[in-house]
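A.B. asks: Below, each chain spelled out in residue letters.
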Amino acid sequence: MKKLWNNKDTRRNLFTYALVIIAFVVVQIMLGGGMLGYAAKGFLVPVCVYISLAVSLNLLVGVCGELSLGHAGFMGIGAFSGIVMSVVLQNLIPNDVLRLIASMIFGGILAGAFGFLIGIPALRLRGDYLAIVTLAFGEILKNVFSNLYVGTDANGVQFSFSASGVSLAEGGKMILDGPVGATGITKLATFPMGFVLILFTLFVVLNLINSKEGRAIKAIRDNRIAAESVGINVTAFRMKAFVVSAFLAGMAGALFGLNYSSLTASKFNFNTSINILVFVVLGGMGNIMGSVISATVLYILPEALRELEDYRMILYAVVLIVVMLCTWSPKIKGAIAAWKASITEKLSLNKKKGVGNNG
Amino acid sequence: MAEYSKHMVHVPTYNILRKQDMDKPPVLDVRNLGIDFGGLTAVDSFNITIGPTEISGLIGPNGAGKTTIFNLLTSVYQPTRGSILLKGIDTKGMTTAKVNRMGIARTFQNIRLFGAMTAKENVKVGMHKDIKCSFISSLLRLPPYFKAEKAADKKAMELLEFMGLADVADVKAGSLPYGVQRRLEIARALATNPAILLLDEPAAGMNPSETAELTDTIRRIRDHFQIAIFLIEHDMNLVMNVCEAIAVVNYGKIIAKGTPEQIKSNPAVIEAYLGKQEDASNAEN
Amino acid sequence: MQLIQYLINGISIGSVYAIIALGYTMVYGIAKMLNFAHGDIIMVGAYVSFCITSYLGLPAVASIVVAMAVCMLLGIFIEGLAYRPLRGTPSLTVLITAIGVSYFLQNAAQLIWGTAPKNFTSVVTMEPLHLFDGQLVITGEVILTVIVSAAVMIGLTLFTSKCKMGKAMRAVSEDRDAAQLMGINVNLTISTTFAIGSALAAVAGVLLCSTVPTLQPTTGSMPGIRAFTAAVIGGIGSIPGAMLGGIVLGVIETFSKKYISTDFSDAIVFAVLILILLVKPAGLLGKQTQEKV
Numbered sequence: 027m028k029k030l031w032n033n034k035d036t037r038r039n040l041f042t043y044a045l046v047i048i049a050f051v052v053v054q055i056m057l058g059g060g061m062l063g064y065a066a067k068g069f070l071v072p073v074c075v076y077i078s079l080a081v082s083l084n085l086l087v088g089v090c091g092e093l094s095l096g097h098a099g100f101m102g103i104g105a106f107s108g109i110v111m112s113v114v115l116q117n118l119i120p121n122d123v124l125r126l127i128a129s130m131i132f133g134g135i136l137a138g139a140f141g142f143l144i145g146i147p148a149l150r151l152r153g154d155y156l157a158i159v160t161l162a163f164g165e166i167l168k169n170v171f172s173n174l175y176v177g178t179d180a181n182g183v184q185f186s187f188s189a190s191g192v193s194l195a196e197g198g199k200m201i202l203d204g205p206v207g208a209t210g211i212t213k214l215a216t217f218p219m220g221f222v223l224i225l226f227t228l229f230v231v232l233n234l235i236n237s238k239e240g241r242a243i244k245a246i247r248d249n250r251i252a253a254e255s256v257g258i259n260v261t262a263f264r265m266k267a268f269v270v271s272a273f274l275a276g277m278a279g280a281l282f283g284l285n286y287s288s289l290t291a292s293k294f295n296f297n298t299s300i301n302i303l304v305f306v307v308l309g310g311m312g313n314i315m316g317s318v319i320s321a322t323v324l325y326i327l328p329e330a331l332r333e334l335e336d337y338r339m340i341l342y343a344v345v346l347i348v349v350m351l352c353t354w355s356p357k358i359k360g361a362i363a364a365w366k367a368s369i370t371e372k373l374s375l376n377k378k379k380g381v382g383n384n385g
Numbered sequence: 060m061a062e063y064s065k066h067m068v069h070v071p072t073y074n075i076l077r078k079q080d081m082d083k084p085p086v087l088d089v090r091n092l093g094i095d096f097g098g099l100t101a102v103d104s105f106n107i108t109i110g111p112t113e114i115s116g117l118i119g120p121n122g123a124g125k126t127t128i129f130n131l132l133t134s135v136y137q138p139t140r141g142s143i144l145l146k147g148i149d150t151k152g153m154t155t156a157k158v159n160r161m162g163i164a165r166t167f168q169n170i171r172l173f174g175a176m177t178a179k180e181n182v183k184v185g186m187h188k189d190i191k192c193s194f195i196s197s198l199l200r201l202p203p204y205f206k207a208e209k210a211a212d213k214k215a216m217e218l219l220e221f222m223g224l225a226d227v228a229d230v231k232a233g234s235l236p237y238g239v240q241r242r243l244e245i246a247r248a249l250a251t252n253p254a255i256l257l258l259d260e261p262a263a264g265m266n267p268s269e270t271a272e273l274t275d276t277i278r279r280i281r282d283h284f285q286i287a288i289f290l291i292e293h294d295m296n297l298v299m300n301v302c303e304a305i306a307v308v309n310y311g312k313i314i315a316k317g318t319p320e321q322i323k324s325n326p327a328v329i330e331a332y333l334g335k336q337e338d339a340s341n342a343e344n
Numbered sequence: 036m037q038l039i040q041y042l043i044n045g046i047s048i049g050s051v052y053a054i055i056a057l058g059y060t061m062v063y064g065i066a067k068m069l070n071f072a073h074g075d076i077i078m079v080g081a082y083v084s085f086c087i088t089s090y091l092g093l094p095a096v097a098s099i100v101v102a103m104a105v106c107m108l109l110g111i112f113i114e115g116l117a118y119r120p121l122r123g124t125p126s127l128t129v130l131i132t133a134i135g136v137s138y139f140l141q142n143a144a145q146l147i148w149g150t151a152p153k154n155f156t157s158v159v160t161m162e163p164l165h166l167f168d169g170q171l172v173i174t175g176e177v178i179l180t181v182i183v184s185a186a187v188m189i190g191l192t193l194f195t196s197k198c199k200m201g202k203a204m205r206a207v208s209e210d211r212d213a214a215q216l217m218g219i220n221v222n223l224t225i226s227t228t229f230a231i232g233s234a235l236a237a238v239a240g241v242l243l244c245s246t247v248p249t250l251q252p253t254t255g256s257m258p259g260i261r262a263f264t265a266a267v268i269g270g271i272g273s274i275p276g277a278m279l280g281g282i283v284l285g286v287i288e289t290f291s292k293k294y295i296s297t298d299f300s301d302a303i304v305f306a307v308l309i310l311i312l313l314v315k316p317a318g319l320l321g322k323q324t325q326e327k328v
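If you read the sequences in order, they're chains A, B and C. In our numbering, each residue carries its 1-based index in the first sequence increased by 26. In our numbering, each residue carries its 1-based index in the second sequence increased by 59. In our numbering, each residue carries its 1-based index in the third sequence increased by 35.
Each hint should be verified, as a subset may be incorrect.
[Claimed, not checked] Simulated coverage check for chain A against chain C, where a stretch passes if three residues somewhere in it have a Cβ under 8 Å from a Cβ of chain C: (1) 145–153; (2) 165–174; (3) 303–312; (4) 345–351; (5) 354–368.
[To be verified] List of simulated lysine-lysine pairs, DSS-like, C-alpha gap at most 30 Å: (6) B:231 <-> B:151; (7) C:199 <-> B:231; (8) B:188 <-> B:206; (9) C:327 <-> B:146; (10) B:188 <-> C:327.
Worth flagging that the hints you see were computed from the coordinates, not collected in a lab. Where a beta carbon is used, it is the ideal one built from N, C-alpha and C, also for glycine.
Here chain A stands alone, though its shape is the one from the complex (with noise of 0.2 Å):
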């Protein structure tokens, strides 16, 4: 035990599960206090749904190394399927927990699966142009949920590309209704379940990282040649990261899909994938728990600037670009650094000014 703590990267992932772990507490001592109004209630469920979004996204970006541009197709992938797998499964799994993971392993599944089908063309291209497709695979994702049909009755699930391709027998119901989207879902999802979703994709993304499997694609990240050279399977392993970050990104839109009575298309569309990258790269490129922080703060940010109303949005693309400049810039992380030490320097000149005195 006392040498798994010697071990840098194992103590940061135990304490970033104890910062999920301690922030599930607080809230939900503040939730039994009765501390939350409605709208923070609100968005407890999103927020978990956006870290573990960030986290299967870091998995990319920041541990492969792989520009993606269409994480929202894959949570729209998830949240649609899982909405319906919801209603097929009504009478089978009665018990509404059960329901909801049987759900949400069947969204990250199909997430999973189309992650593979995407990743075969995709993945030949790298870079800026891979970037591009998967910007291209969200659009088109996008596209084709606005324009899909399905509906449930005694017969089973209808599936159609036109409104008229579903016809219904008597008591059947339309689950998605085309640009109208997804309406009357019944609202399974939980914070106790959005906390789970988060360990869970911590366990998976975290275990990745440090196994030989994460090695290999940290490897082809830092040097895709010499990644080459030493016998890894490129094609492969960026392939395995794909998949996994996709079936992570399925399983916390089909928890996204269940939280809300009704759900349209539009949501999945390039600024979310967008708004997620933000969170990624905010947080730090392969820094695990920085996605997990920053996922929080930003999501809460906008929500908690309300009042500034038509100012928030403004503020926010500010705060973007300055915590960006200050954080990546050279020049002012020097300026920074410097204005620090003078800082430092003129405190311990005091103190020296101080103990003169005393003398």
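Using the hints, position chains B and C against chain A.
C.D. replies: For chains B and C alone, kept in the frame of chain A given last:
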């Protein structure tokens, strides 16, 4: 043999084989290798046979096509002509990763380490195929994971120690000094358990004492791991000291082959390096 | 005849994409960054032009000139303030900053002009041409758009091959450090590129809103992404490529809307992008580069 012997100026390599390599099949047998880039012939009719524990060198003026030959041997480029037999198996169409798993490891002229990972992790990436632990075991942290990681750590430390890198095991590769990075690249290549190690200018940027140490290291690697080493190098002291056989290329073609002594006195080699004899004597005057 | 009509419409919208894509391509070629705020410059250009004509009552030509000037300054300002300090850092950081700039522009526009769409009056006063007994209608907007985009492409090609500054741009896009060593003022060159790209975005904004007259803060984002797609189809970094990509995209979009499905036109456009990249990974006219080992 006959069809490509015409490219072998002077002594065919088997005459200078070490005793222990006699009557053993070569680890690498390259026949009539050639590649064209567009209309340009970068390498042509390149032949070489390397014994299982032979140290051989590849020298030639800048731009002669030496690194291109390494890239062909490791399947970074697919050859236009000819064949590469690694332990008797044709590597045609194989990926770089596959060729490595078959037994060729290399270092790079412009160092290519995994900069954000520690020295030990770099070596462990090299050991990838020998870490026996399934994806599920890794994900769920099952006992095989801990067992495999422990064994890997041990072997990685042994390799680092062998290369004199034990004290920098936990330092990020990107922040190591240049000479140390070169040694780490060799350690990483050795971690893949190669049958033949290709070193692309291992002494570049080293001072004389480091080069002397490298000469020693190269011999130690061969003796300890019993593998073949094939190196590109401009430092003639190192090449003449450590290599048992040397091939000289110019304009993508082999112009001479033989023992260090034979190469030193070969007129074609002198011409390639110094220009025509009379020019050289003029320059001396 | 209908086919030709759609082809003409496709070329027209494609020409707008082409002008935006030219800006994208130049900026990518030189700064190696995906400038996601480029689409929003279009919107700013259109708003400026709208204000000049509607509130000040000045002629359309004056409004275009002012819009170009404003966008030029805006482009230089954004580059200097938000992108230049991040030069040399991972490209993802500049991408995120560009997204921040994009949010800023959209929300600033919303504060200034509100979310309600403005009705943009076309800058073209020419009567539509009716050919073949009215079977073929070519509007003044179509003619203007095609002429302007062709002129812009020819102008830019001449500029990059003949002018000193244009040559400097090519040098900087090829190898920034080497260009600097050769005495090229890299900062000035990059600023000029942003200025030209942004001025083109203003022109595109005016043309776009003359064809599709609703103007709101998000007007620029979708055409921005489309144009970006066009730039990639043509081969990002290539000037004729941007033109070709824009027109190809416009024609595919119009045809798929008319002949395949209105609902799936987005999906079709992006599927074409993916197909083209699979066959030609560097786009139609882009040049393939391989990492040297």
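A.B. asks: Each hint: holds or not?
C.D. replies: A quick look at each hint next to the structure:
1. With a threshold of 8 Å between beta carbons, the proposed coverage of the segment 145–153 of chain A by chain C holds, since 4 of its residues qualify and at least three are required.
2. Check on the segment 165–174 of chain A: 7 of its residues sit with their Cβ under 8 Å from a Cβ of chain C, so the three-residue criterion for coverage holds.
3. Note: the segment 303–312 of chain A has 5 residues with beta-carbon separation from chain C under 8 Å; the three-residue rule is met and the coverage holds.
4. With 4 residues having a Cβ less than 8 Å from any Cβ of chain C, the segment 345–351 of chain A passes the three-residue criterion, so the hint holds.
5. Counting residues of the segment 354–368 of chain A whose beta carbon lies closer than 8 Å to any beta carbon of chain C gives 5, which reaches the threshold of three, so the coverage claim holds.
6. For the suggested pair residue 231 of chain B and residue 151 of chain B, the alpha carbons sit about 36 Å apart, so the restraint of at most 30 Å is broken.
7. Under the criterion of a C-alpha separation no larger than 30 Å, the hint pairing residue 199 of chain C with residue 231 of chain B is inconsistent with the structure, at around 45 Å.
8. For the suggested pair residue 188 of chain B and residue 206 of chain B, the alpha carbons sit about 15 Å apart, so the restraint of at most 30 Å is met.
9. As the CA atoms of residue 327 of chain C and residue 146 of chain B are separated by approximately 28 Å, the hinted pair is consistent with the 30 Å bound.
10. Annotation: proposed proximity of residue 188 of chain B to residue 327 of chain C holds, straight-line Cα distance about 26 Å (limit 30 Å).
Violation of the numbered hints given earlier is confined to hints 6 and 7; the remaining hints are satisfied by the structure.
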